[in-house]
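Take a look at the letters that make up each chain.
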Amino acid sequence: MSSITIAIGLEVHAQITSLRSKLFCGCPSDYRDRPPNANVCPVCLGLPGSLPVFNRRALEKAVAVALALNCEISDKLSFVRKHYFYPDMPKNYQVSQYDRYGLTPLAVGGSLTVEVDGSRRTVRIRRINIEEDTGRIVYPERSILGSRYALVDYNRAGIALLEIVTEPDLRSPREARVFLEKLGSVLEHLEVTDTSLEGALRADANVSIAGGARVEIKNIGSPKELEKALSYEISRQLSIIKSGGTVERETRHWVKEKGITVASRAKELEGEYRYFPDPDLPPIPVGRDLIERIARSLPELPDSRARRIAKEYEIGDYMASVLVLHKRLCDHFEASSRACGSPKLIASLLVNELLRWVDEAGMDIATGVSRLSTDRLCKLVRYLDSGLISVKLLKEYVRLAVLEDTDPEELVFRGMTAIREAEELERVVEEVFRENPKAVEDALKDPRAVNFLVGQVMKKTGKRADPKLVNEIIRRRLFEHGSR
Amino acid sequence: MLPPQCTRLASTPIRVLRERVAEDPDFLFEYIEEVYRVIERHEPQIRAYITLRPKEEVLGEAEALLKSGKLGPLGGALVALKDNISTRGIRTTCGSRMLESYVPPYDATVVSKIKESGGIIVGKTNMDEFAMGSTTENSAFYPTRNPWDYERVPGGSSGGSAAAVAACEATVALGSDTGGSIRLPASYTGTVGLKPTYGLVSRYGLVAYGSSLDQIGPIARCVEDAAIVLDVISGHDPRDSTSLRVEVGGFEKYVVDEPLKSYRVVVIEEMIGEGLDKEVAGVFSKVLKKLESRGLRVEYRSMPLLRYSLSAYYIIAMAEASSNLARYDGLRYGIQPEVEAVHWTDAYGRVRTAGFGYEVKRRILLGAYILSEGLYEGYYLKAAKVRRLLYEEFVRLFREYDLAVSPTSPTLPPRIGEVITDPIRLFSLDVNTTPINLAGLPALSVPGGLANGLPVGVQVFGPPLSEGPILNLARIIEVSRSE
Amino acid sequence: MVKRLSALTLVEVDPQKEEVLSRDLKRIVEMFNEIARLEIAEGVEPLYTTFFGEVNLRDDEESEPVGVGGLNLCGERLEDGYLKSPKTL
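Protein chains in written order, with our numbering: chain A, 17 to 500; chain B, 1300 to 1782; chain C, 1493 to 1581.
These aren't lab readings, by the way, just hints derived from the structure by calculation.
It is possible that some hints are incorrect.
[To be verified] In the EDC-like style, the derived pairs of lysine to aspartate or glutamate whose C-alpha atoms are separated by at most 16 Å in a straight line are:
#, chain 1, residue 1, chain 2, residue 2
1, C, 1495, B, 1645
2, C, 1518, B, 1721
3, A, 360, A, 333
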């Protein structure tokens, strides 16, 4: 099985959420808390006679992304119309870019390197387009199939979008996830996309197994969903191959709620997009001076940041590489380390504990970070240093802070402290000593027999006790016992 | 040169109107009453309008205008608008069932400019559906008749605008010109029609047909009126990406009876070649003689590439049209689709099939064909290359010459029903006008005289932004007509 | 050909006119083939627009959106602000 090659390519759609207005009109780009169809005007509704005027800031943002991904940038920005009918598209064509007929996308030929389980992979970026987002279709009733009609909201129509397309260089769902996380982090560092916003970072994925047909999966809303969708799709394809069938080239939809991919309704005219240069938007020159100015002002990006924090905080390359996958997390790490000290501990709490709970709860990192705030992290560092809590308790504190938004101070008031714990343990150890006099004698002679006593204590406490602490108590008691 | 519908009062030019109203505000009401009398009498036969505003509404606006004291350069002129120019609160049908009840929520930039300059909108004029046609017979509602001969077409696609102005049912009108849609009807109705340099007049609010070719321009009874309207509607517009940043204004100053310069004038031989009616040729050569008698040098040049311009034009126009007309699915405006228990492609298909007429469908289908995978290089890309070559030829030509002249149309106005059934014959009416749009040049049609009692237009054109000299030469043709 | 184009553009013509249409299309395509057959030297760049000025760009500034209510379109097909549309599934 391990010899089978899996090739995954991504088509990532990232909204330029840092823009105030849409790509071709002045409607506000912040639509998420607005009533449906509130952020629209003649231009983004495609009313007869309306014309697009390009938002120059979108070009600056796109150039920054192209530079960060080491792409070659075109000397002009040329738009094409891509035609297909769909109710979420006001003009029934999308203004996008194209790489044929002598036309060029904004940027081509970059790369982004990811590291998964210690091995690195450089994923080639085929191209970056600037294009407009579509509206949204929702269904009035719970059941999509039961509804007699659909509902459309055009607030999202015309939002500036970057389409970032990779070569099929990814080899596993996990790798794809880390790639999308890292790309998201690059966009966060560049202040292009706030990836925590619903729908701001989306992906279509294509998968082929052992050089077989390429299946495209659409409608994936986050890195985590991407991993799930690809895992599902790969096992679906593998089971077809195993049973002697052939995988067909098709487009499938990821249905998040059910965790499956389903075949899209066959479109016989798929691919007939009738591209041609948009006559309403003549090419816009992309000046070398603009590119140089943006290059000079590029912020620190995830890779260099990882190198810096690994060194500066002495947390090791692995911790650093995970932290920089999420800009918020990394910012939080640096701020908290400066405020509370103990960067190694903080890195470990964030990477090993926070990420785990956030993932398990399906929570976004921003929420997790706000719950495990710098203030709370400082308290935890202090409690641990003073022996008020054990490492084991510390982990429990983190869990409760992330999942239940509980302040560590409150847990102390509730008496969940190491001191209480120690008193309790003293009692249990005394009991074990009483019940196992023979073992106590053995342990006095042979220190290796201590483990049996530790085991007994752990058994009685339902394995909740901190074994290090138990060990200490037992040794102290044995010492007292022996000196008697 | 006026057809019999016009009265002296109803044919008042803008400058006179402005002066008379300044002296005596009541003159504006008299003038409006007279124009409405002409409309009442002749509109039932001509049918220039799709939507005519009620007289009371127009009089009310005139009163408000007088009260404001801001008569502006248009001085209360009654402006008819082709029905593909968006007007806030007035339906804008494009001559199509699809938009029969569509009322735009905004004004086109040119409409705002007209209103700010003392113009009063009198109505929306008939046109070939979505500007696709050369006779106004492709209107979904009814054909418009030529005021000079009701059995003949007024030309198209801005036929309603031209007929309304010719018959004095409006002071001036705006039309749109994609391949001759202002100049051809101007030629057939004895009016002056100007297609400006691409980018001189904002397209914002003009319902698109062929976006890289479309321009809005004036149709008037005299060169001076056309110049005054051009002054009003031209200029930079931040809402249109293809709006030029050039100094405008002062076009009126070019309307003088003598050449401001000893223009070197050229006639392109291919524009007076085969297919040219002898009546048209006769009027045209008379005009040339008069120009020469004024000391202007007229020379002849050949441009063999023009042979391909009609095909190149139609390829580009249809491709763009097919794309521009994709948005009409009924969902957001226009014909209301069924929405319940129907698949969207079926609902869209029904709306589009019912909403578009035959000619529009033909161009949508052909446009899609032209842009198809595998055919693009042979048609669209090739046509765009021909366009480049043609443009460069014109650039070279206008290094040697200041202006060019040609017959606007190779024929006299056709009879109703005569050409509409034959697409190639219909297209060939545009043979002299389409190259101008491909190259983005300014061009004007001015009446050169009558033949068999029908007007014959002369096209004057030049390099980009040569509207001034064009108006000057057109004025010379205009004054020498009566000599 | 007509069938495929119809499916692509979502327009159909009157069945009675189909024959005329096919004939018309054929004639027009023949006319277009003049262009397809034309030999053009290499290096000639296509000309897609005759606008040679500086393309208008916008600064990233918000303007007050009109909202679909303000546009006064399809009012009767609004449901809680959403536009009712035929199903896409």
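Hints, one by one, checked against the model:
1. Between residue 1495 (chain C) and residue 1645 (chain B), the direct Cα distance comes to roughly 15 Å. Compliance with the 16 Å bound is thereby established for this hinted pair.
2. Taking the CA atoms of residue 1518 (chain C) and residue 1721 (chain B), the gap is about 13 Å. The hint holds against a cut of 16 Å.
3. Between residue 360 (chain A) and residue 333 (chain A) the CA atoms are separated by roughly 12 Å; this keeps the pair inside 16 Å, and the hint holds.
Consistency note: the structure conflicts with none of the earlier hints.
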